[in-house]
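Asks: Residue-level listing of the chains:
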Amino acid sequence: MSNTQAMSHLSAASIVGWGAVSPTGWSAASLYERTLSGVPVETKAAKRDGGAPAVTISEVPLMPQMPAWMKFPRLRRTTTVAKYALHAAIEALGMERFEAVQKGELKIGVIFCTMNGCVQFSRRFFAEVLSDPSLASPIFFPETVYNAPSSHLSALLSSTEANYTLVGDSSQFIAGIDLAMQWIEDGLMEGCLVVSAEERDWLSDEALHLFGRSAVAAEGAAAVYLSPTPTAEAVRVTKMSQAWTYGNTLTPREATTKMKDELKDEAADLLCDGLGKAAPAIENAEESVWQGWQAKRLSVRKIVGEGFGISSGWQTVLACEAIRSGDHQSVIVASTGLSQQAAGMVLSKG
Amino acid sequence: MVITGAGIITSMGIGWQENADGFKQGRLALRDITLFNASRQRVQRAGEVVFDKPLPPVKLTARQLQRLDRASRLLIYAGHEAVSAAKLDDQAIEEEPLPIWLGTSAGAMAIGEDYYQKKVGSPAEQRGLIKNVILYQPHTQARFLADALGSHGPVSIITNACASGANAIGEAFHSIKKGRTRRALAGGYDALALMVFAGFDALQALSTTLPRPFDANRDGLALGEGAGLVMLERYEDAVARGAPILAEVCGYGASTDLHHLTQPHPQGDAALRSMNAACAEAGVTAAEVQYINSHGTGTPLNDVAEGMAIQRWAGKGVANVMVSSTKASVGHLLGGAGAVEAVICLLAMNGNFVPPTTTIQTLDPVCTFDLVQKPREAELNCVLTNSFGFGGANATLVLKKAR
Numbered sequence: 003m004s005n006t007q008a009m010s011h012l013s014a015a016s017i018v019g020w021g022a023v024s025p026t027g028w029s030a031a032s033l034y035e036r037t038l039s040g041v042p043v044e045t046k047a048a049k050r051d052g053g054a055p056a057v058t059i060s061e062v063p064l065m066p067q068m069p070a071w072m073k074f075p076r077l078r079r080t081t082t083v084a085k086y087a088l089h090a091a092i093e094a095l096g097m098e099r100f101e102a103v104q105k106g107e108l109k110i111g112v113i114f115c116t117m118n119g120c121v122q123f124s125r126r127f128f129a130e131v132l133s134d135p136s137l138a139s140p141i142f143f144p145e146t147v148y149n150a151p152s153s154h155l156s157a158l159l160s161s162t163e164a165n166y167t168l169v170g171d172s173s174q175f176i177a178g179i180d181l182a183m184q185w186i187e188d189g190l191m192e193g194c195l196v197v198s199a200e201e202r203d204w205l206s207d208e209a210l211h212l213f214g215r216s217a218v219a220a221e222g223a224a225a226v227y228l229s230p231t232p233t234a235e236a237v238r239v240t241k242m243s244q245a246w247t248y249g250n251t252l253t254p255r256e257a258t259t260k261m262k263d264e265l266k267d268e269a270a271d272l273l274c275d276g277l278g279k280a281a282p283a284i285e286n287a288e289e290s291v292w293q294g295w296q297a298k299r300l301s302v303r304k305i306v307g308e309g310f311g312i313s314s315g316w317q318t319v320l321a322c323e324a325i326r327s328g329d330h331q332s333v334i335v336a337s338t339g340l341s342q343q344a345a346g347m348v349l350s351k352g
Numbered sequence: 329m330v331i332t333g334a335g336i337i338t339s340m341g342i343g344w345q346e347n348a349d350g351f352k353q354g355r356l357a358l359r360d361i362t363l364f365n366a367s368r369q370r371v372q373r374a375g376e377v378v379f380d381k382p383l384p385p386v387k388l389t390a391r392q393l394q395r396l397d398r399a400s401r402l403l404i405y406a407g408h409e410a411v412s413a414a415k416l417d418d419q420a421i422e423e424e425p426l427p428i429w430l431g432t433s434a435g436a437m438a439i440g441e442d443y444y445q446k447k448v449g450s451p452a453e454q455r456g457l458i459k460n461v462i463l464y465q466p467h468t469q470a471r472f473l474a475d476a477l478g479s480h481g482p483v484s485i486i487t488n489a490c491a492s493g494a495n496a497i498g499e500a501f502h503s504i505k506k507g508r509t510r511r512a513l514a515g516g517y518d519a520l521a522l523m524v525f526a527g528f529d530a531l532q533a534l535s536t537t538l539p540r541p542f543d544a545n546r547d548g549l550a551l552g553e554g555a556g557l558v559m560l561e562r563y564e565d566a567v568a569r570g571a572p573i574l575a576e577v578c579g580y581g582a583s584t585d586l587h588h589l590t591q592p593h594p595q596g597d598a599a600l601r602s603m604n605a606a607c608a609e610a611g612v613t614a615a616e617v618q619y620i621n622s623h624g625t626g627t628p629l630n631d632v633a634e635g636m637a638i639q640r641w642a643g644k645g646v647a648n649v650m651v652s653s654t655k656a657s658v659g660h661l662l663g664g665a666g667a668v669e670a671v672i673c674l675l676a677m678n679g680n681f682v683p684p685t686t687t688i689q690t691l692d693p694v695c696t697f698d699l700v701q702k703p704r705e706a707e708l709n710c711v712l713t714n715s716f717g718f719g720g721a722n723a724t725l726v727l728k729k730a731r
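Which chain is which? The protein sequence lines are A and B, in order. Heads up, the first sequence is in our numbering, so the first residue is 3 and it goes up one at a time. Heads up, the second sequence is in our numbering, so the first residue is 329 and it goes up one at a time.
These are computed hints drawn from the structure, not numbers from a lab. Mixed in with the good hints there might be a few duds.
Unchecked claim - Below, a list of computed lysine-lysine pairs in the DSSO-like style, where the Cα atoms sit at most 27 Å apart:
no., chain 1, residue 1, chain 2, residue 2
1, B, Lys729, B, Lys702
2, B, Lys702, B, Lys387
3, A, Lys241, B, Lys505
4, B, Lys505, A, Lys109
5, A, Lys109, B, Lys506
6, A, Lys304, A, Lys49
7, B, Lys352, A, Lys260
8, A, Lys49, B, Lys459
9, B, Lys459, A, Lys304
10, B, Lys729, A, Lys49
11, A, Lys262, A, Lys241
12, B, Lys506, A, Lys241
13, A, Lys46, B, Lys446
14, A, Lys260, B, Lys506
Please build the complete structure, drawing on both the sequences and the hints.
Replies: Following this line, the structure appears as structure tokens:
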């Protein structure tokens with residue numbers, strides 16, 4: 003036996019629901035329709051006082067209608083990132099399963115993936131600390147913790163099953179799906195939500211601007227629900243690459259090549275790629291490795307902007323929508339992550 | 329699944345021996361904070377690590393060495409010790425991907441703080457800030473560790489607050505047990521940072537006296553920093569390559585406490601679930617567990633909830649279970665706590681002692697168990713360690729002495 007991952011867990015579960023929040027709206031359908039149209043969302047410039055650089059942002063529109071479950075007490079004072087995460091998660095789960103979980107009839111786990119976390123409250127809390135520690139808000143601080151959004155999700159669901167928050171780069175969502183399928187294969191639960199979410203703040207907007215002046219900072223969430231019980235619209239993960247970690251012995255380009263080699267699939271006729279990144283070296287790595295791709299491709303970043311930890315989640319949601327629409331039978335989701343790893347998978351009609 | 333190597337760095341010292349000596353005596357290793365200005369906080373003391381030994385020889389480039397932040401240094405000290413102790417040579421690491429599972433709660437928060445202050449102080453200034461943005465991310469620290477060891481396996485970072493380190497070891501354990509990998513390096517780390525320190529201070533969770541877990545008059549915790557890492561592998565592989573075996577990992581349980589974002593269920597419901605799950609997987613009863621390294625933060629609500637959970641878990645045999653909290657000695661290491669405390673269990677099992685909690689003056693009535701307050705010798709064959717975090721993340725590991 004070699005020290006590499008076995009892939010038996012891929013048959014353990016299918017993606018049976020998905021959801022998204024993005025600058026295109028509060029649903030997976032709006033993300034897919036807009037990306038298919040090829041028309042980027044409207045952006046606007048934002049600039050702090052004091053000579054800070056002007057940044058370009060794309061904002062999530064106002065929620066058209068607040069669902070009843072959003073009145074859950076824990077959500078009154080929580081962060082934007084938590085609200086995005088929960089909305090995408092409930093869309094992915096669906097109301098019927100949501101109610102079953104709340105009643106204790108369905109045991110599900112939660113895996114939350116993020117790169118920046120709760121940046122708005124973190125920035126506000128730290129400003130208070132520097133100003134006067136004795137007045138720093140004890141309400142803000144607990145919400146700055148990386149796993150606060152996933153904690154609120156489990157609380158909303160009344161689910162005491164395993165709940166992990168994984169911090170990683172823009173490809174982390176794919177690694178999150180891998181772990182969820184392992185949990186289901188191991189019989190730890192009857193289903194698992196994988197969610198990623200980010201929120202914008204001038205702090206992260208200006209950080210992105212350092213890597214590319216034309217970068218568009220975005221926010222939102224993506225979610226999938228994995229179940230061992232397939233449905234009519236189920237999407238199977240037929241191939242999953244290893245998460246190829248960058249380092250002194252593996253460049254992003256080499257990592258992307260290894261990932262691509264693992265995903266060879268003659269039937270795949272759509273590539274949901276990650277092109278549109280601000281970081282030139284990472285962008286070039288992905289572009290060069292996939293330049294020979296002849297079939298159709300969708301590049302969600304070019305439409306909505308940089309979603310950091312959400313990006314591979316949005317790519318996954320697009321792939322699921324494409325398969326559900328019947329336009330495609332087999333789709334490759336490929337992510338050359340911003341700063342950690344390259345990972346990908348092949349999704350097919352279940 | 330066995331542990332063939334362990335590394336530890338805390339305010340008690342750098343490495344296995346210094347920590348074994350200190351925890352055996354129950355020595356307190358809290359000191360005045362020098363890393364940041366804490367003069368405006370209610371508390372000015374923490375378990376700050378003193379780097380009094382050079383960084384071990386590692387495979388980082390000169391540029392990487394120059395960029396190492398405090399959290400990465402903690403990781404590299406512990407990671408290097410774990411790999412060296414496991415007698416895993418460079419060739420083995422190069423030939424097979426070595427998965428790394430890490431837990432942290434704040435990563436390199438101090439780098440993020442520095443970025444914020446530069447951005448607020450000079451909004452127009454952009455030079456040199458890319459470095460902050462890259463180094464701030466926890467996976468950059470993980471990459472430093474991997475590169476330092478010459479490893480090229482997948483890296484996973486769990487941020488389940490104070491349970492993170494135990495979760496990381498538990499996931500690595502399960503991945504080996506289920507045949508997904510042959511070995512893995514796992515553990516946790518956190519470095520002191522002003523924002524986190526101020527956060528606990530704002531919650532009035534920091535002790536203004538001494539951290540006294542399970543004392544009736546406890547008034548909070550002390551924060552600490554450090555790292556603990558273990559090399560996990562299949563028993564047959566360890567035996568085949570003649571590796572030392574420090575302990576067997578035999579059970580891992582995780583559960584989610586829904587009671588409140590920062591407060592545990594008062595009866596310890598979720599803690600009980602994670603303890604029961606870990607023991608069920610390990611195939612041990614409460615009567616077989618001799619010692620519990622408790623989460624034991626020293627805050628009024630946490631200790632009583634954990635105490636209730638231990639009572640319910642142990643039943644009639646509760647008086648026979650030895651319990652202590654090593655957070656009294658080195659503080660609460662947050663995302664690193666679960667892993668460091670697992671390594672402390674290894675120190676105890678291999679050194680035949682129980683690490684005492686020496687700061688207690690008046691025992692809380694919840695302590696119907698044997699709360700160890702003075703240095704004690706004991707041959708430990710089966711131990712359990714609890715880790716509970718913000719957000720309701722609960723994790724328990726069960727370790728047994730090697731066969």
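Asks: Look at each hint and say if it fits the structure.
Replies: Consistency of the hints with the structure:
The straight-line distance between the Cα atoms of B/Lys729 and B/Lys702 is roughly 23 Å, inside the 27 Å bound, and the hint therefore holds. Between the alpha carbons of B/Lys702 and B/Lys387 the distance comes to roughly 42 Å, so the proposed pair goes past 27 Å and is violated. Using a Cα cut-off of 27 Å, the hinted pair A/Lys241 and B/Lys505 holds, with the two alpha carbons roughly 23 Å apart. For a cut-off of 27 Å, the pair hint linking B/Lys505 to A/Lys109 stands: about 23 Å separates their Cα positions.
Straight-line distance between C-alpha atoms of A/Lys109 and B/Lys506 comes to about 21 Å, which keeps the hinted pair within the 27 Å bound. For the hint linking A/Lys304 to A/Lys49, the alpha-carbon distance of about 22 Å falls within 27 Å, and the restraint holds. Simply put, B/Lys352 and A/Lys260 have alpha-carbon atoms about 48 Å apart, too far for the 27 Å limit, and the pair is violated. In summary, the hint linking A/Lys49 to B/Lys459 is supported, as the alpha carbons are separated by about 22 Å, within the 27 Å threshold.
A threshold of 27 Å between alpha carbons decides the hint, and for B/Lys459 with A/Lys304 the separation of about 26 Å falls inside it, so the pair holds. At roughly 60 Å between alpha-carbon atoms, B/Lys729 and A/Lys49 are farther apart than 27 Å, so this suggested pair is violated. Restraint check: the Cα-Cα separation between A/Lys262 and A/Lys241 comes to about 11 Å, which is no more than 27 Å; the hinted pair holds. Proximity of B/Lys506 to A/Lys241 is assessed by CA-CA distance (about 19 Å); at most 27 Å being required, the pair is judged to hold.
The suggested pairing of A/Lys46 with B/Lys446 holds, with an alpha-carbon distance near 25 Å, which does not exceed 27 Å. Proposed proximity of A/Lys260 and B/Lys506 is supported: the alpha carbons are some 25 Å apart, at most 27 Å.
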